[in-house]
Amino acid sequence: DAGVIQSPRHEVTEMGQEVTLRCKPISGHNSLFWYRQTMMRGLELLIYFNNNVPIDDSGMPEDRFSAKMPNASFSTLKIQPSEPRDSAVYFCASSSGQGVQPQHFGDGTRLSIL
Amino acid sequence: AQSVTQPDIHITVSEGASLELRCNYSYGATPYLFWYVQSPGQGLQLLLKYFSGDTLVQGIKGFEAEFKRSQSSFNLRKPSVHWSDAAEYFCAVGGYNKLIFGAGTRLAVHP
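Heads up: the protein sequence lines correspond to chains W and G, in order. Using this note's numbering, read the first sequence as starting at 566 and increasing by one per residue. Using this note's numbering, read the second sequence as starting at 15 and increasing by one per residue.
Same shape as in the complex, but just chain W (with noise of 0.2 angstroms):
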């Protein structure tokens, strides 16, 4: 069974540019999360959806991020500008169900921006 899918794996960019990581959650989980590991702040949690819609975006840190998911196989998270600070790994997980339920990871995106 294909897990959650994350692309690209790695990504080098330069300040300034735009930056779009993108999620393939597993098929017929209805929430997803997006989250960021720094060694400073560890593992934090950005955003998640519930069957496509955003219901906490409170951990995205500014505006410069923005994450949708037009359908239930997609999402994308976006960084506009990207800044040296946003360097980091970043991590899509979905799961299913009501409430609580196990969260299964992609293998992440390492994002540096020089």
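Source of the hints: derived by calculation from the structure; they are not laboratory data. It cannot be assumed that every hint is accurate.
Dumping the calculated DSSO-like pairs for lysine-lysine here, alpha-carbon to alpha-carbon at most 30 angstroms [said to hold, decoys possible]:
#1 Lys75/G to Lys63/G
#2 Lys82/G to Lys633/W
#3 Lys589/W to Lys643/W
#4 Lys63/G to Lys589/W
#5 Lys112/G to Lys589/W
Since the model is a prediction, treat every value here as computed from it, not as a measurement.
Model the placement of chain G on the given structure of chain W, informed by the hints.
Coordinates of chain G only, in the frame set by chain W:
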């Protein structure tokens, strides 16, 4: 406020030795508790979860964890560590559809 504390940032054990990773949580109601493992360059993989019932839960790869409400703890254990267990381990508490993760414990295994 919900929070998770993993007191040990880094632990080193010898292969074959027993292991216990500590996790303390703060949560206002009955918690949903999880342990995840992260190998280098990979995402987090679920080891085990506690929702209710038996306070000793078994997980994958020979791991188990015990929920102790009186101590607000959910420690992870393994009787005999293998070199392949070297990774980072995260405890998490769940509420309102979200998970709150601890800072992680990095496990090194000596041959």
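Hey, Lys112/G versus Lys589/W, does the alpha-carbon distance stay inside 30 angstroms? Since the Cα atoms of Lys112/G and Lys589/W sit roughly 19 angstroms apart, the hinted pair holds (cutoff 30 angstroms).
Does the structure keep Lys589/W and Lys643/W at a Cα separation of 30 angstroms or less? 15 angstroms, holds
For the pair supplied as a hint, Lys82/G and Lys633/W, confirm whether the alpha-carbon distance does not exceed 30 angstroms. 40 angstroms, violated
For the pair we were handed, Lys75/G and Lys63/G, check the Cα-Cα distance against 30 angstroms. 14 angstroms, holds
Would the hint linking Lys63/G and Lys589/W be met if the CA-CA limit is 30 angstroms? Holds, at about 24 angstroms.
Hint 2 from the earlier list is the only one contradicted by this structure; the remaining hints agree with it.
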